[in-house]
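Those protein sequences? They're chains A and B, same order as listed. If you read the first sequence in this note's numbering, its first letter stands for residue 1033, the second for the next number, and so on. If you read the second sequence in this note's numbering, its first letter stands for residue 1033, the second for the next number, and so on.
Quick caveat, the hints were computed from the structure, so don't treat them as lab data. Hints may be right or wrong, so weigh each one.
Covered stretches of chain A, as calculated for chain B (at least 3 residues, CB under 8 Å) [as the list claims (entries may be wrong)]:
#, region
1, 1101 to 1108
2, 1148 to 1162
3, 1173 to 1180
To give a feel for the contact side, a few chain B residues facing chain A, derived at Cβ under 10 Å [as the list claims (entries may be wrong)]:
#, residue
4, V1058
5, Y1064
6, D1069
7, P1106
8, F1152
9, H1181
10, V1191
Just so you know, even glycine gets a beta-carbon here, dropped at the ideal spot from N, CA and C.
Protein chains: 2
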Amino acid sequence: MTNPLSIRVLRPDEFEHAWPIFRAVVAEGDTYSYAPDTDLETARALWTTPPARTYVAERDGEVLGCYLLKPNQPGLGDHVANAGYMVARSARGQGIASTLCAHSLDEARRQGFTAMQYNFVVSTNEGAVRLWQRHGFQIVGRVPGAFRHATRGLTDILVMHRLL
Amino acid sequence: MTNPLSIRVLRPDEFEHAWPIFRAVVAEGDTYSYAPDTDLETARALWTTPPARTYVAERDGEVLGCYLLKPNQPGLGDHVANAGYMVARSARGQGIASTLCAHSLDEARRQGFTAMQYNFVVSTNEGAVRLWQRHGFQIVGRVPGAFRHATRGLTDILVMHRLL
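Just chain A, with the same shape it has in the complex (with noise of 0.2 Å):
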């Protein structure tokens, strides 16, 4: 029997916690546009300065995923959250993804923004596309060749959305 995730807010101070995950994704270099090799700070920075949160997602005090959630705009565009989840190799393939997808659409709502809006989604990154389609975003662009995938050289990127 598993033990179920149980998803809590990092304090900035925190984010040690999320940093294994940050930087393994991001070097990757196949799903975010962060340069791979991101220093600690800078990760940091991105991912918990004001308005900006991250969440960590743990099991048996192990933290196997975190996301980003913040506006996508500042001022007149504040009503629209952005996100972004990474989930650590080890766990893949459990759901993660979605649950902490579902989580930050709750959290999300909660904070009274009126929809959700993701600016970056690797074309190639199938599974993820479909995840977020099945979780209600629709394509809404697509950008030609804006990601210099590791492998793959210049990629599309969506534009996806959802209202909330």
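Using the hints, position chain B against chain A.
Below, chain B without anything else, positioned relative to chain A:
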């Protein structure tokens, strides 16, 4: 006979030269997501913190317009530039936005960018949409209701793109 526009980079400590235009454009609440009461230091940080740069267009010593040029993403997306343009109300209808756009495309090429992307073109700003299309941009996305327009309420935004 009108003297030509002269366009130059502003240092961060010179942002006051662009500030009257920035403040006035943002206060209108119809083209940018920045909060209408954005303060000088926030604007300076947004528009001049490297790698972002602000350029101003001057005629006879008067600043008539300005633009922001920066990478649209960090790391693996930093081959795509992003720009935003502002023209003084008193100087509209003189083709200054078009001159700024052309200058930014040249400047982006010179800096090694291979594409330009606008993330947040307000769909009701039809003159701007047509102008960017004349400069080679295509609409590659449309996000429903992502902008709280000062007078029209929730308004779609467009993502526009061109190769350089």
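Hint by hint, here is what the structure shows:
| no. | hint | verdict |
| --- | --- | --- |
| 1 | 1101 to 1108 | holds (count 5) |
| 2 | 1148 to 1162 | holds (count 3) |
| 3 | 1173 to 1180 | holds (count 8) |
| 4 | V1058 | holds, 8 Å |
| 5 | Y1064 | holds, 8 Å |
| 6 | D1069 | holds, 9 Å |
| 7 | P1106 | holds, 6 Å |
| 8 | F1152 | holds, 7 Å |
| 9 | H1181 | holds, 8 Å |
| 10 | V1191 | holds, 5 Å |
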